[in-house]
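Go by the hints and put chains B, C and D with the ligands onto chain A.
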Amino acid sequence: MLGIVMFAVIVLSAVFADLLPLADPTRRSLPARNLPPLSGTNGQFFLLGSDGQGRDMLSRIIYGARASLIVGLAAVSLSAFIGLVVGLISGLRGGWVDLVLMRIIDAVLAIPTLLFMLVVALVVGSGLMPLIVAIAVTNWVVYARMVRAEVLRVKDLDFVAAARIARVSGATLLGRHILPNILPAFIVVATLNIGAVILLESSLSFLGFGIQAPGISWGQMLAEGRQSLATSWWVATFPGVAVTMTVFSIILLGDWLRDYLDPRHPA
Amino acid sequence: MIIRALGRFVLQAIPVLYIVSLIVFVLVFLTGDPTAMMIPDDATEADRAALIAAWGLDQPAHIQYVRYMANILQGDFGTSYRYGTSALPIVLDRLPATLLLTFGALVVALIIAIPAGIIAALRHNSAVDYTVSGTAVLFKAMPNFWVGIMLILIFGVWLRWLPVSGSGSFAHLILPAITLGTGFAADLAKLVRASMLEVLGQDYIRTAMSKGIPDRVVIFKHALKNAAIPTVTMTSLHIIALLGGALVTETVFSWPGLGQLIVQAIYTKDMAVIQIAVFVITIMTLVLNFLTDLAYRLLDPRIRL
Amino acid sequence: MTPVLTYRNAAISLPRDEGHTTLVRGVDLNVSRNEIVALVGESGSGKTLTALSTLGLLPRGAEFTADTATLNGHDLTRMTPEGWRALRGAEVGIVFQEPLSSLNPVLTIGDQIGEVLFYKRGLARAQRRAVATDLLARMGLARPAQLLDEYPHQLSGGMRQRVMLAIAMAGEPSLLICDEPTTALDNSVQAQVLELIVETAAQTGVGVLFITHDLSVVAQVADRVAVMQHGAIVEAAPVTQLFRSPQHPYTQKLIGLAPHVPAVVRTGAPSAAPEAAKAPLLELRDITKRYDGKTLALDHVSLQLAAGETLGIVGESGSGKSSLAKIITGLQRPDSGSVLFDGRDLLNGPAGAGSDVQMVFQDPFSSLNPRMRIGAIITEPLYALSRLSRTVAANEAARLLETVGLSPDMATRFPHQLSGGQRQRVGIARALSVRPRLLICDEPVSALDVSVQAEILALLQRLKSEFSLTTIFIAHGLDSVYAVSDKVAVMSQGKVVESGPRDQVFGAPQHDYTRKLLDAILDSDPAQSRFRRNPLQHA
Amino acid sequence: QSSTTLTIAQGNDILSLDPADHANNSTEATLVNLYDYLVNKDFSGETLVFTPNLATSWTTEDQIRWIFDLRDDVKWHDGSPFTAEDVKFTIERTQGDAKLRSTARFRTIKEANVLSPYQIEIITDGRDALLLHSLVGNGAGLLPKAAFEAAASKEAFFENPIGTGPYKFREWRKADRVVLDANTDWWGGTPHWEQIVVRAIPETSTRVAEFITGGVDIAVNIPPEDIARIAADPATQVVSFDIARNIALHVRVAEGSATANPLVREAIDLAINRPELAEFVVEGFAAPTRGLFPPKIPGFNPDLTGDDSTFNPDRARELIAEAGAEGTTITLSSPSGRYVKDREIAEAVVGYLQDIGLDARLEVLDWSVFNSRLNSFELGDMYLWGMGSYTDASILLPRSILNRFNNDWHDATFDGLEAAAAAAPTEEERLAILREGQQIMTDARARIGLLYPQAIYGVNARISFDGRFDEMIPAEGARRV
Ligand SMILES: Nc1ncnc2c1ncn2[C@@H]1O[C@H](COP(=O)(O)OP(=O)(O)OP(=O)(O)O)[C@@H](O)[C@H]1O
Ligand SMILES: Nc1ncnc2c1ncn2[C@@H]1O[C@H](COP(=O)(O)OP(=O)(O)OP(=O)(O)O)[C@@H](O)[C@H]1O
Ligand SMILES: [Mg+2]
Ligand SMILES: [Mg+2]
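Protein chains in written order, with this note's numbering: chain A, 27 to 293; chain B, 783 to 1087; chain C, 8 to 546; chain D, 10 to 490.
For reference, chain A alone in the conformation it holds in the complex (with noise of 0.2 Å):
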């Protein structure tokens, strides 16, 4: 409950960020750069001090959270979906189509994320998509792994065997039998995946791939501020509790989220 609380509050607050009495996150002012928590000048007040540019650190922290909550949600979404086909067909499917693809995935795993976001950069772009495609593109093996892991251990328990007998279709077979129980092991792997995707946008950040400078997203906060980190400590230490929070929240609601759907736990 606790997970969903928190991350209730998180989201909510970055996607109502509008409304909230809060400094325009893109406001700067050269002379209030650096000033740490609880001080002001000129009648604005940073309660989370400003950064090396004077702009709110709070503000920032919460229009922040809009693109590394896209990041982390849309990355994981697509690299989830495309290592979810991926791991069925390989688990279903055996053989050779299997070995072939695990194959790839051994080779996906060896090649480094960052070439892959060197060219997705090239050929697409920079900027949130593109970030989220480079993302996906490398970390959807995760997930095909776990998810051939998890369809064989299923596919050969008996009531797969009945629902066969009974000749149940295919679309059947996967919709009701063999992904709802996989889903407690992918709801694990993608909650503490997310938290993942957004540190990994924040070390993409320290590499320069991140969000783009008018945009803001913690990666590139912490990026941005690591190096100050020795002379004005928050800069990057109040992004870093923030996607600690985040991370937390997650995986308390992966959690929550698995007991909740799972019958046997009591409601």
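Because the hints were derived from the structure by calculation, they are not lab data. Values in this document were obtained by computation on a predicted structure and should not be read as measured data. Just so you know, nobody snuck in bad clues.
Cβ-to-Cβ under 8 Å is the rule here; a few derived chain B residues that face chain A:
# : residue
1 : P797
2 : V802
3 : L809
4 : T813
5 : L920
6 : M924
7 : G1026
8 : V1045
9 : I1048
If you only want the chain B side, here are some residues facing chain C, beta carbon under 7 Å, derived:
#  : residue
10 : D985
11 : Y986
12 : T989
13 : M991
14 : I995
15 : K1007
C-beta atoms are modelled at their ideal positions from N, C-alpha and C, and glycine is treated no differently.
Positioned in the frame of chain A, the structure of chains B, C and D with the ligands alone reads:
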């Protein structure tokens, strides 16, 4: 048995290496012409054209690829655009540092995670358990470079206990190993806890307890060995991830590992270096998978190769 | 007689959502040296908890109270952790039910025996090996010395239980607890292990608390019997007395349910002549199946089954029974051979058997999708045939539930909210929903406890005539096969070694393997014990 | 660390020990300790002058045939003497290996002839006022003919390279450090330091931390925000100095681009508050300018100032209105982390353009993507570029170079200047042509100059080091105090 496993290993390695080389070639090719990054500001267009021709980059892609593969088959892995020298030694030079850091991180992770995981499992649902799980999530959620810079500030600048950056001595290894190791320890501790919990509920643990042998024997001899397999699996997956270089940690600590090299190579479109680096990682990955299988065999006599 | 274990008014309670629940209460027990005391009762009645309380191995948070609870003079109600550790192994040893999971899979047999010898008897390494070898030899294991370096998975179930017994006896305890030690074993192996336990008890004089729910086992080994129901001992008596004049209604019911070996088997006389051959509904020709190109699961199997008949298939674990079932239902394709159903070739024909062949599975847990409601599970095969409206489906589900003896409001429940027996009924209802002509039951009762077994068997019998079913009934216990089958096929190592009308196979077995199986049937008459060395004192 | 060791922290590892194959300023900054040039650059005065190095003197009458007299007391690190043969060899090797990054370094040299062991004649391909520029700096380090030819291969030679510099090669631990030892046989006397260690510390905060804790004596590229802390510590000092670099916006003028209209370009020029940029974004460590070459570069144009008078947002808005360009979308592309505060500067520029009513957008690109786009002319309407490491303003003129940066801008007068400069009879006239070129380009707003950035080094208080305009770090320039 080992021979057959080795055979399977080679059969697996060849197609993977081939797919990898092809994907890398296509990707690097798509990133465009590397000469733009090589020439100085005052170079003319003609200078650039000459450089392109000198490196054979004016040829169509498929011809470049065929020539590249032909050279590989003759043992020539190409020349780095960036360094102007043979690419293979450039990559191999970085290997010791990467392996050392990987090893260091692993030791840190195991030292933290195994006791923490065991204690959390034994004190299931107690304050200790929640503390371990909470700390694990926290460590997992903290960005690597933040941890790294903080460690530098605390242990390097403030306390002056350890060197800030660089490599060469044991002291230099400590901070980067902790930086990398903690994130991994978080994952591992959770896994150790979960597998210990599972194992502790098994009938043979009850059998062991019914013998009246000391608790430590039950935990370390009976339970831990059984809980080790998922731990080994995850450890090997993590090692694989680290082998590709821990870019952020390497950069923060000026650690001369593969990660920095690969990123630089990617930025400069240094085809030969990227190819070999990826080759080396792939081969190490496959070797590691093989060793992991061997470890399974050692841990669990039921598993055959 | 020296008392080893004495319980007066013992009770065990476990923490539940609110407060404690008392699961075992008012237990009085006495086990003396040279005595085998059986504890019988249905599943969940508290037998295992009682056993674990003697070792201090109750689940975390459990409370154990008693007016008296002594083991060799130690007061079990006030033991320190160290005290328990000293007690375990040295004064009391235990053999658990599951030979597969009770031994540590990653440690050698020698290691697992050796640690008891070290911690309980302080033996040095060299001595340990010698003593362990001797122990294994005494347990009737061949090549005991080599066995020390092997791992549990390299041993058969029977061998593992012998090893368990060796471990339990290694500390030379005065009390041996056997918690359903043979439930998971095939009949023939069960007999050997029981014999070993009785023999060991006789040789060492160890007091044995023998837990089981199988009355024929009780009849064969026990000196005295305590019957447990709902956590309390409802009756205790010497074995002959208990069988002759059971007092408590539950005991009476149990004795009534105990499978009696049919007279025909004992006399060896074939009953009525086989009926005239009818046109077969199902015909298997020369079925061969290998897994992964290695394991030969089925080796040229041919069988025929006429409409309305019940074919019982018996055979040890791994003999290929389930593989055969899977091939008939089309879940698996054989490597060679053909399956003819009502004259149609199922392997090459266009549509297979359609809904004509259905199956009931062994494991009541994995055969129902944990995420579907019972109603949906039952009507799924119907849906697969044609779309049903919501109300039709609900009516159909209710009707089917009633047919298998369940209340219709169970349709909205999830499988985990049902007991094993109820789940098996659901599985049967699902199979019957499309009115199949052939029903395959793969060990439908093996995972259930005796009283429930009997109910399910009765249900199957009833439905068979009600739905005019042709049935294949797979089991490894001979008694249930005998109870339901017209024809019997005996399988061993992928081959059908013998088949024919039931009475012929049971009465005049042709094959050694069949004879071995028949020999292993235990008699639920204490007077007929095959193992007991010392004559029954209370006879 | 022993007080006789000088440790320098750079932002990146050297790329190569081959002076002709790196095209990288910070690599050269290290290699100057190992190799020598024929002549030296001296930026200590008003403008660049060339001083003797391994060449003691030089003469030319026609700027085609040049005679250099060489020192006769110079020994290579392996003990063999340095002669004119080595100079000829160095030039010909660089010209002959097309894969070398600096292969075009000596493109104007037709031949090099050994007149005597200590005299060499260089013949250029027509008049070349800039020959001396090509004999010093990146790619001009001299290599020993005999040792190079004796080595099994180029790679073998550079495993243990030999130069004539004050320090000898000891080891290169890739991505970590280069270690050099004093050359006791150095022609210039006894080197000041026993050992030089050049470390690669890419992460700025780590470099600063390492410097503060005394792990390195000199740290390059200190971020402005750390300056106060370093200056406050008595053990450390901040050294800042002018360098050969300028930050400018390169503007697309082709038809169809938002900046095709000269009025819009002029408005952009006027919209930018250069003094504010210099003071706040880079904390005063830059000079505001509209120019394209800083003062010490021959050809510097003093008219292109960047003072307050260049900032006129009202006029800019008028121009925008005149051009009917209110709300026009203009994209500025910028690299990130390539130049000091590059992204922040670009962000500020975008802010100024928004102030005058343009819909300015920023596109921050990774350096390699930025470069690829530059080469395929796919950057936005404007891009931020920090040209640098030049020694003469004439590099502005050649069409062949201009095509890489401003391919769509043509001006009849400007296009004639390249030839005119080459033919200029006197240096004075040549410089005048260069100034004219800058004036034309800035008036057309094909490039809009912003800042002359400074370099900021952290230097340990026990050392004196002034920093050099060309950003080389000769260890002999650092002294114990
Ligand atoms: N660890 C536990 N936690 C909670 N309840 C338990 C636990 N172990 C046993 N029980 C409950 O205690 C009761 C008695 O269990 P016990 O295992 O003693 O039965 P049993 O007679 O041995 O049954 P079976 O024949 O199935 O082995 C059951 O209702 C069971 O659900
Ligand atoms: N999917 C499978 N893959 C590989 N081997 C299998 C598979 N299924 C069964 N086997 C093997 O085939 C043989 C026959 O198995 P099968 O399940 O038919 O035996 P069974 O008589 O039903 O045994 P049980 O009484 O234990 O159910 C066994 O050796 C078993 O290990
Ligand atoms: Mg039990
Ligand atoms: Mg079976």
